[in-house]
Amino acid sequence: MSFSLTINGKSYTVDAHPDTPLLWLLRDYLNLTGTKYGCGQGLCGSCTVHLDGESARSCQTSVAAVGGRKVTTIEGLAATLGHRVQQAWIAEQVPQCGYCQSGQIMEAAALLAKHAKPTPQQVGEAMSGLICRCGTYQAIRLAIARAAAGGAQ
Amino acid sequence: MRTELTRREFLRSGAVGGAGLVIAFYLPAKAEPKRQGTKPSFQPNAWLQIDPEDNVTIWVGKSEMGQGVRTSLPMIVAEELDADWTRVRIEPALADTQKYGNQLTGGSTSVRTSWERLRKAGAQARAMLIAAAAQNWGVAPDSCRTENGSVIHELSGRRARYGSLAEAAAKLPVPEKPPLKNPRDFRIIGQSLPRLDIPEKVDGSAGFGIDVRVPGMLFGVVARCPVFGGKVARFDATRAKAVKGVRAVAPISSGVAVIADSTWAAMEGRKALDVTWNEGPHAALTSAEISRRFARLAAGPAAVAREEGDAEAALKRAARKLEAVYEVPYLAHATMEPMNATAYVRPGSCEVWAPTQFPSMAQQVAGKIAGLPPEKVTVHITLLGGGFGRRAEADYVADAVETSKAVGAPVQVLWTREDDMQHDVYRPASYHVLRAGLDADGRLIAWTHRVVAPSIGGQRGEKLEGGLDTSAVDGAADLPYAIPNLRVDYVMANTAVPTGYWRSVYASQTAFANECFLDEIAAAAGKDPVELRRALLNKAPHHKAVLELVAEKSGWGQALPAGRFRGLAVHGSFHSCVAEVAEVSLAKDGTPQVHRVVCAIDCGLPVNPAGVASQMQSGIVYGLSAALRGKITIDKGRVQQSNFDDYQVLRFNEMPQVEVHIVPSSEAPTGTGEPGLPPIAPAVANAVSAARGQRVRKLPILA
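Protein chains in written order, with this note's numbering: chain A, 1 to 153; chain B, 1001 to 1703.
Since the hints were made in silico from the structure, they are not lab data.
Heads up, the beta-carbon is just placed ideally off N, CA and C, and yes, glycines get one too.
Nothing false has been slipped in among the hints.
Just a few of them, taken from the derived set where beta-carbon distance is under 10 angstroms, the chain A residues facing chain B:
1. Leu-23
2. Asn-31
3. Gly-76
4. Cys-100
5. Ile-105
6. Glu-125
7. Cys-134
8. Ile-140
In silico contact screen, one side only, chain B against chain A (beta carbon under 7 angstroms); selected entries:
9. Gly-1066
10. Lys-1201
11. Val-1202
12. Gly-1204
13. Thr-1263
14. Gly-1385
15. Gln-1617
16. Asn-1643
17. Asp-1645
18. Phe-1652
Could you build all of it, start to finish, from the sequences and the hints given here?
This is the structure we're talking about:
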């Protein structure tokens, strides 16, 4: 089937089985490899993208289910307010291996878009759906606080 | 059954864009950059290049898996070079032992074993740049000095950037023994410099193994027998090939590969594959049986690893005796990036892109399959989405190379999370029997520790003299405490469960047993855990230093809020010493919650202190996951866990506050990737034991 998608502000027409997860469409069809595969079950959050600005697990979202929603991936985040989250991530030197960080940043950006000054509970609820094996959680907490406080400085 | 694509099919699959795919070719692991530009560059050795535009390129021979080697190793070169750090860029080296020496990234060795070599590399260049400037200016080399990428002659006020000297320096002989800096003059080493790999890791452009894209590539997954040691009995590819996008089905050593024009199509094809397994001789194996066997073996003969005094006699005369059994389970690595590799085998050539900790092993394995000498195999080392020892293997490389060879196209083989968890090489389960004797004054006069565990080397066919695997008693045989009568021995307890190197290897088991048992002894002797250890560490100054630092920084001995308890552990591994204090409380349902961890490390001179602190955080989080919930269990010869729902790891909401303190040192750097891990399980277990009033002797704590 043919699907029309808007990803990072660009239009794409792709021919794919309707069940194809958005994750693999992004990675293998469109070469947007910043979105990562971690578990395929919505358990780790490495594949997190935005659909109309809301966080979504792309491994659990079929291409057919995207509908008319605008997709934003880590590659397109810098063009949005999410940019300051990326800057805060650099300032706090968050990544170690870095593999999960696209998802972590996308989740944090969606959280901050919804709650400019999130409570610790809101941060905990949003970020506990994601896994980092390198142990960057403490740095992520600091980076979110920094981004919420207004930027990288 | 057909295993090869026809040329026509390959050409068609190469033009995957025709099926609605948009392919831009992306090669994250760049080939070795051109060392011959239009203008001559200065390359005194394998490690660095300075071009006339003043750019300093430093090759990193070790694999970046999060530990920061793409920053710390260049810092060492740049220090001795006296480079302008803002002009430094890095390139990952290709696999090439001839050129870069041992590239195995493991055993917390990268900084420690590169230290002298990389200092020399930088110093050679610096000496030659000085000589070139001195020659130009007609002055004595020792009247010149360097600073931040320039050679300076103070007397005449002359100054030249390194780039302008590159051409002249390149013509000079390379000194064998260049003068090294006095560590007092270090201005790069010892600074918490920002990591060079962070920007690419926040915008999605970082190239991990799974991100490799090669023109015409296909994607594969492998159906593997779920039972250890099992094989394919027969398969029928008809239904798999009927899945849209599936290009080929090929038997390989590890199972049956399904190759498609996307990963998703390959996974769908694998679901449709009809395969019958020959489960082999281990189809009845269970964790319970393994545990019983360990207990049985513990009562039998053992190989002595260390013996001092007469522990049996001392135990006989002891006023008080203690005995305890400690047990830990098998563990998976569960790197966030599951195993994968990309390979392209052509007649007479083999190219591999792999997130590997062991590039020369990848070359060997690939070469054997491709029929080439190892050095003819090109291995591009991508970024690693976690390593933790798992990527010191080459099984995932073999999958890709065999599959590419079978279909005659470049193929990326990905292990799904389930594949990764169920076909790992596991941290060995182990069983520890410890005994101690106290005299009438409460002094520790005897200690025995019997380690019963599979031997990683032994299971791979290594010959082990007298049944002793010295690696398996790491942390047990080198117990730092001064005890007059001591015996540590080992019983090899190999099983069909494949085992491998898991962050800190056997120290993760032995530290748990040692440090928890020592707390039992402290309680029996009525001594404070810090005081007991301090008294036994008079001949182990590094251990004592971290113990004292952690006691001070954690506020040991000071009152805690009601319901909070502290636990302590000290352990030396990979030439470093670490002490950790955990603060724990029990939730209403009895679940332990870790609130705070204070860590003290002595790792010699910290090259990048922020990097050291990150590695301590990392080891603590990885070890905490294992201590609280980590457990791989076996039933019917197969792993029962499959994903992060049944192999649970630490999440954000469980993260304690971690504080890291580094013992000041001017000694040569020692390991940091692993040493932060071993103390966390016993520190937490000791705190939980205090909270519960009952000893924790088995991991995971939340079993």
